[in-house]
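K.L.:
Letter by letter, the chains look like this.
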Amino acid sequence: MNLILDIAWTHVRSRVRQTGFAVAGVATGVGFSIMMASLMHGSQNDFTERLINTLPHITVTDERRKPPPQPAEQLFASAEIHGLTPEARRPGIKNPLATMAALESWLPGGIAPSVKVQAIIRYANHDVSTTVTGIDPRRESSVSELPKQMRGATLNALYRATNAIVLGDRLSEKIGARIGANITLQTSQGARITAQVVGFFHTGVRQQDESSAYVLTKTGQILAQQTGLINELRIRLPNALKSREVATRVERDTGYKSVSWDEAYEDLLSTFIIRNIIMYAVVGAILLVASFGTYNIISTITHEKARDIAIMKSLGFSEFTVRSIFVVEALIIGFAGALVGFVLGYLLCRALGTVRITNPFLDSDRLPLTYTYVHYALAGLVALVSSIAAGYQPARKAARVHPVEIIRGAT
Amino acid sequence: MPLIEARKVTRILPGIVPTTLVQGVDLTVGENEFVAITGPSGSGKSSLLYLLGLLDLPTTGEVLIRGRDTSHMDEEERAFTRLSMLGFVFQFHFLLPEFTILDNVTLPMRALGRYPAGAMKTRASELLDVLGLGDHMNKRPDQLSGGQRQRVAVARALANEPAIILADEPTGSLDSKASEQVFAVLRDIVDKQGKTVVAVTHDLGLAERMDRHVELLDGRIVGDEQHQINAMT
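Protein sequences, first through last, are from chains D and A.
Our numbering numbers the first residue of the first sequence as 1 and each following residue consecutively.
Our numbering numbers the first residue of the second sequence as 1001 and each following residue consecutively.
Mixed in with the good hints there might be a few duds.
Stated by the list, open to error - Quick list of the computed label-pair ranges, beta carbon to beta carbon:
# : chain 1 : residue 1 : chain 2 : residue 2 : range
1 : A       : K1177     : D       : S14       : 41 to 47 Å
2 : D       : V385      : A       : D1191     : 54 to 60 Å
3 : A       : E1075     : D       : V16       : 18 to 24 Å
4 : A       : S1084     : D       : F21       : 39 to 45 Å
5 : A       : G1194     : D       : R17       : 48 to 54 Å
6 : D       : L5        : A       : R1209     : 42 to 48 Å
As the list claims (entries may be wrong) - From the derived model, a few chain A residues whose C-beta atoms are all more than 12 Å from chain D:
#  : residue
7  : I1016
8  : E1031
9  : S1071
10 : E1077
11 : F1088
12 : V1130
13 : L1144
14 : A1157
No wet-lab data here; the hints were simulated from the structure.
All C-beta atoms, glycine included, are put in the ideal place defined by N, C-alpha and C.
Please model the complete structure; the sequences and the hints are all you need to start from.
P.N.:
What follows is the structure, encoded as structure tokens:
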């Protein structure tokens, strides 16, 4: 065995109790860091997945980011016109099929047209404001998870009745509508139709389940009182993380406002950054406290071993060798602590995974946890680095011991 | 060329009242010498030995090892010189308590890295055998008597085949029987292995039996005489 490692190993091995406490300190830090990271990452992933599964990755609407400029502004650069009412435009995406065909030529993933209308659902003395989306059930599976989120019927049930509708399960609970119930839909424009409930869906996002409903495109157009209207294109990509990049290109190509899922929930997602900072700060603090234990044991060993250090130096061991011995001792503690911490972290995660929780806002009754080697590698790395940092100062001090002072003291 | 040479070496401990440990010492030690350094307590015997062994730096003057001035060496170079050319034996054995006797003797060899792994154990075993400790190789220092421990310290000092052994009161903590054993070992090192031993001692009887006797008083050399010793006695 290498001389430095041999001496270091002998020192830590001969102090089982002290070494054990130092290792336990690091292990606790690593274990709890892994558990915390797993829980934080798990809840973040769970939330993000639900967002991704519920929403189209990109929504192209018939709006524009900026109102179109007035003709005079286009002609004269110095012209500035105030107080004008923007030009009234016919709602909807122009030539939706041509637009879709153009996008499909390069877009990786699915695209589906839809009609979105704000309406009030009236049933059994309940008036609930709802977003009604007119869709093509055959194309829906290419842009959303809605077919998989159906309860009590398939999405094809929309073809069963003249004006069929599927409601969010929380919405149906709120108004007390069951399958077969005839409900009334009314828009602010005065359109009013009666629709038959043919099924429910459950996305897991409360806002969606409580205030959304789906009908056929044709029904949506009737409700919007505009034949052939398509005011929304919904896009789903194979890689949801590319959404923002693709949305930018879609907007550039079509001129219509194109919003990716992460832009739509930008505020919410930005809270994850703060949450992650808090998490890493707490994890860092835990490991910092653990490193005090390592500092303590290395300081104790160097203090107790002052005579041995002096004799090693008098024999001709270099300062580097002596320093390395104690840094390696800190590393051994950090390494052992990290290994034990990995096991502890895994067991804590497993234990946490068995805890049952009842929360009306969550679908699952288990805590969402993410298992990834990254948490282990990160916690282990921080433990090793903090152990080296904790061991370095006493090691440096030990290496600078003047052997004559110790030898004289001993004699 | 002398093995060790001290030229006008002075060592002053700094402080509110500076203390002079060694003052203007000139000393030359050659090959195959057995030198005793004696003097009353506080006369600077050990301080001189530490200066000769590069464990301490002179305030003024120079220490030369095989003609090479050590005053310009950095700490690493001095450490390497100690490891490769000098062997130390102290009043207390100073063995590493967690290691076996064999491990203690191989430590300097491992630090120097001159010998292959197998050769280190063989050499350490041979040294311990010669010093009568062949049966104790796997014991720990606390399982040996004082004399045995000191002989292990001698074996460790010899591990890297140094030209000079510097011994600071090597028999100071031993009874008369053990002292004789250790002295006999040092004598053999000089007579049979041709090495040089410089030993600090309080025991004038032992000093008289060495080849040369250097006497210190108040940090200065006040006597330096050669003895005619019959090696067989």
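K.L.:
Would you check whether the claim that S1071/A is not at the interface survives, using Cβ distances to chain D and the 12 Å cut-off?
P.N.:
holds, 17 Å
K.L.:
Kindly confirm whether 42 to 48 Å is satisfied by the beta carbon distance between L5/D and R1209/A.
P.N.:
With Cβ atoms ~44 Å apart, the hint holds.
K.L.:
For the range 39 to 45 Å, tell me whether the beta carbons of S1084/A and F21/D fit it or not.
P.N.:
holds, 40 Å
K.L.:
Taking 54 to 60 Å as the hint, is the beta-carbon distance of V385/D and D1191/A inside that range?
P.N.:
holds, 56 Å
K.L.:
Can the suggested window of 48 to 54 Å be confirmed for the beta-carbon pair G1194/A and R17/D?
P.N.:
holds, 50 Å
K.L.:
The output says A1157/A does not contact chain D. Does that hold with a beta carbon cutoff of 12 Å?
P.N.:
Per Cβ check, A1157/A is inside 12 Å of chain D; nearest 9 Å; violated.
K.L.:
With 18 to 24 Å as the target window, see if E1075/A and V16/D comply at their CB atoms.
P.N.:
violated, 34 Å
K.L.:
Decide, holds or violated, for the assertion that all CB atoms of chain D are farther than 12 Å from the CB of L1144/A.
P.N.:
holds, 17 Å
K.L.:
Please confirm whether V1130/A is truly not at the interface, meaning its C-beta sits more than 12 Å away from all C-beta atoms of chain D.
P.N.:
holds, 20 Å
K.L.:
Just double-check E1077/A for me: nearest Cβ-Cβ distance to chain D has to come out over 12 Å.
P.N.:
violated, 9 Å
K.L.:
Quick one: work out the minimum CB distance from I1016/A to chain D and report holds if it exceeds 12 Å, violated otherwise.
P.N.:
Non-interface label on I1016/A holds, nearest chain D Cβ at 18 Å vs cutoff 12 Å.
K.L.:
Going by Cβ atoms, does F1088/A stay more than 12 Å from chain D at every point?
P.N.:
violated, 5 Å
The earlier numbered hints that this structure contradicts are 1, 3, 10, 11 and 14.
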